[in-house]
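With chain A held as given, fit chains B and C onto it using these hints.
Each protein sequence line maps, in turn, to chains A, B and C.
Per the numbering used here, the first sequence starts with residue 76, numbered consecutively.
Per the numbering used here, the second sequence starts with residue 2, numbered consecutively.
Per the numbering used here, the third sequence starts with residue 98, numbered consecutively.
The hints are simulated quantities; they were obtained by calculation from the structure and are not laboratory data.
All residues carry an ideal CB built from backbone N, CA and C; glycine is no exception.
One should not assume that every hint holds.
[Stated by the list, open to error] The calculated lysine-lysine pairs, modelled on DSS-like cross-linking and capped at a C-alpha distance of 30 angstroms, are:
hint	chain 1	residue 1	chain 2	residue 2
1	B	Lys212	A	Lys120
2	C	Lys131	B	Lys199
3	B	Lys9	C	Lys131
4	C	Lys100	B	Lys196
5	B	Lys16	C	Lys131
6	B	Lys203	C	Lys100
7	B	Lys196	C	Lys145
8	A	Lys120	B	Lys196
9	C	Lys145	B	Lys9
10	B	Lys16	C	Lys170
11	C	Lys100	B	Lys9
12	C	Lys100	B	Lys16
13	C	Lys170	B	Lys9
14	B	Lys199	A	Lys265
15	C	Lys170	B	Lys196
[Claimed, not checked] Ranges of calculated distance between the beta carbons of each label pair, as one might list FRET restraints:
hint	chain 1	residue 1	chain 2	residue 2	range
16	B	Trp237	C	Lys131	23 to 29 angstroms
17	B	Arg195	A	Lys261	53 to 59 angstroms
18	A	Asn301	B	Thr5	52 to 58 angstroms
19	C	Phe124	B	Val253	46 to 52 angstroms
20	C	Glu147	B	Asp256	47 to 53 angstroms
21	B	Gly149	A	Glu269	52 to 58 angstroms
22	B	Ser52	A	Gly388	51 to 57 angstroms
Below, each chain spelled out in residue letters.
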Amino acid sequence: MERDFRLMKGNEAIAEAAIRAGADAYYGYPITPQSEIIEYLMAEKAYDRTGMVVLQAESEIAAINMVYGAAACGRRAMTSSSSPGISLKQEGISYIAGAELPCLIVNVVRGGPGLGTIQPSQSDYFQSTKGGGHGDYRLLVLAPASVQESSDFVELAFDLAFKYRNPVLILSDGVIGQMMEKVELKPQRKRLTEYENWSTTGKTPDRQRNIITSLELDAHKQELINIRIQAKYKRMQEEEVRYEKILCDDAEYMIVAFGSSARICEKAVHVARGKGIKVGLFRPITLFPYPSKPIEEMADKLKGILTVEMNAGQMVEDVRLAVNGKVKVEYFGRLGGVIPSPSEVLNALEEKIIGGK
Amino acid sequence: MEVTDIIKAENLIYKRTPLLTENILSYCPGCGHGTVHRLIMETIEEMGIQSQTIGVAPVGCSVLAYQFMDIDMQQAAHGRAPAVATGIKRVMPEKFVFTYQGDGDLAAIGTAETIHACNRGENITIIFINNGIYGMTGGQMAPTTLAGMVTSTSPYGRNTAMMGNPIKMTELVAQLPGTYYVTRQAVHTPAAVRKCKKAIRKAFENQKLNKGVSFVEVVSNCNSGWKMTPNQANIWMEENMFPFYPLGDIKVPEDSL
Amino acid sequence: MAKVRGAIVIDIERCKGCEVCIPSCPFEVIAISKEVNGRGYPFAYMVKPEECTGCANCGIVCPDGVISVYRVKV
Chain A
76 MERDFRLMKG NEAIAEAAIR AGADAYYGYP ITPQSEIIEY LMAEKAYDRT GMVVLQAESE
136 IAAINMVYGA AACGRRAMTS SSSPGISLKQ EGISYIAGAE LPCLIVNVVR GGPGLGTIQP
196 SQSDYFQSTK GGGHGDYRLL VLAPASVQES SDFVELAFDL AFKYRNPVLI LSDGVIGQMM
256 EKVELKPQRK RLTEYENWST TGKTPDRQRN IITSLELDAH KQELINIRIQ AKYKRMQEEE
316 VRYEKILCDD AEYMIVAFGS SARICEKAVH VARGKGIKVG LFRPITLFPY PSKPIEEMAD
376 KLKGILTVEM NAGQMVEDVR LAVNGKVKVE YFGRLGGVIP SPSEVLNALE EKIIGGK
Chain B
2 MEVTDIIKAE NLIYKRTPLL TENILSYCPG CGHGTVHRLI METIEEMGIQ SQTIGVAPVG
62 CSVLAYQFMD IDMQQAAHGR APAVATGIKR VMPEKFVFTY QGDGDLAAIG TAETIHACNR
122 GENITIIFIN NGIYGMTGGQ MAPTTLAGMV TSTSPYGRNT AMMGNPIKMT ELVAQLPGTY
182 YVTRQAVHTP AAVRKCKKAI RKAFENQKLN KGVSFVEVVS NCNSGWKMTP NQANIWMEEN
242 MFPFYPLGDI KVPEDSL
Chain C
98 MAKVRGAIVI DIERCKGCEV CIPSCPFEVI AISKEVNGRG YPFAYMVKPE ECTGCANCGI
158 VCPDGVISVY RVKV
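The shape of chain A in the complex, shown without the other chains (with noise of 0.2 angstroms):
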């Protein structure tokens, strides 16, 4: 089998990978600035090509119910769209979680609050981890920096949310589904053709029939769902963590950046680095789980932390819990769908951390 390379554009490359995960079934609704993955999806005519059911649904809230009747059927189903759109699916995704159904959702995040923009941004982060519906659930959140890595992590998410039973969350932004990268594709995998036996394919003489709710109304009950759900997410923490380090070794610095972000420290670091000053980036890849213990480990050695994020400083929280008051940690970013430049994180480095030039 030869390699398969391609310039892509992040939201293609994700349709292309979910087309090749053997997706079953992709629900959404257009909005910029992710609307090639369901235009992907339709031209390259992903029914004929595996049978992938696409379906553009009425809202975005129809297509996270879609998604919902599909994955009870234990079939690989998944939507994208972008922060607003994210935001009208909160109440389905929290059935998902609270049903216990394996799903993919893939926000291409936009600048907020409201209408916004277009542009790029990482605002909706709190709202990817800490929960964004109503309930205590989590969701398994992988955060792309690259095309490459928007293409792998499709079929991450869709063997994660079976391993899970949750919804897992693909975190990518503008920057990242709009730019074209060269992406090796991985081999077309079979779709499913045996399902979960809790799935509703239709109740046989062999079984019980199999009901698909987050409905429980004798609350010990629902007590017990939840601490089996809550289970989950402390199992997720203890095998599920990602993250890069690059130059961290010696890093008396370090900065603290995902997704678009961690591409321009990365450049703000070699510049550092010219400079002489030792800094590092941690680059965490799952926003959920946290990579907290890693950065912990790092913070006896370390003068200060910054973190670098295209919102008002939201992952800034996660680092101070990690550390726990030991080393120093400050923000910084760019809002609205601005991008900062990596002149601009260095004298943020130099101005918060390192102090006074």
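Below, chains B and C without anything else, positioned relative to chain A:
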């Protein structure tokens, strides 16, 4: 001839379908929900499609439908059952898929899902119980509440100038080319039950034809919400609900089964 | 003698005493009991069993499906 001589297995001509579970129905005494549940399960039994059918329950009095129907079922968010059913049917087109919804679920919060599932012509059956009120939450006004009708949120009667007019969803969806069979029935008398059973059977049989949505509205009573005894409610329904929601087929395909 | 005789068996514990079956019977066979079942509901019973023809009207209109119907030719 003594009654005991009559009551013998060989003389049995009607009993509760085994496709209803042993759970005692949670519905108020005399509520039409129970009757419609039974007609659906009798239909599924007679068609022999228990292992082929997936039901979608709404939020409302029938939120617990899956405790009474011995088939695979899913619980949808309020109003979203037609979207959930679309999600199911698209990945399992060979299965029989139906939604079971009340008027608040289908005609208020779920209006868009209802209209668009019908407009796409999804091959599903929609069973729509219209009792002109939100029953589960204690009798509030619904989109189908009649003008002047008293509910807990229209305590002085529905004032259409302020609260708008009752909506005829069934006539609305009949306009959409995606609906194949659209009918309005009732289950308050034996004759009505027999007609409703035929309509539900047709609505399920139609799914084999892949010709779009079969939409069965059942105008029903809400004894606790209307604050009447079951028999009073059924009379009141005939005198007040039926004039505004006339029974009968609204859209019947020429080549119908 | 009627050519056909019927009888019904009511699952007393499941009956909710809604009385919807009563007007459905062409021969006024059914009445509501004075006693109550284990859940506090009065229940339907055959007050004129000899009039029953086993037409099943009551059975098919019962919202809780508690009525079984028997019929025999005589």
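For each hint given before, does the structure comply? Return the numbers of the non-compliant ones in rising order. The structure breaks hints 2, 6, 8, 14, 19; every other hint is satisfied.
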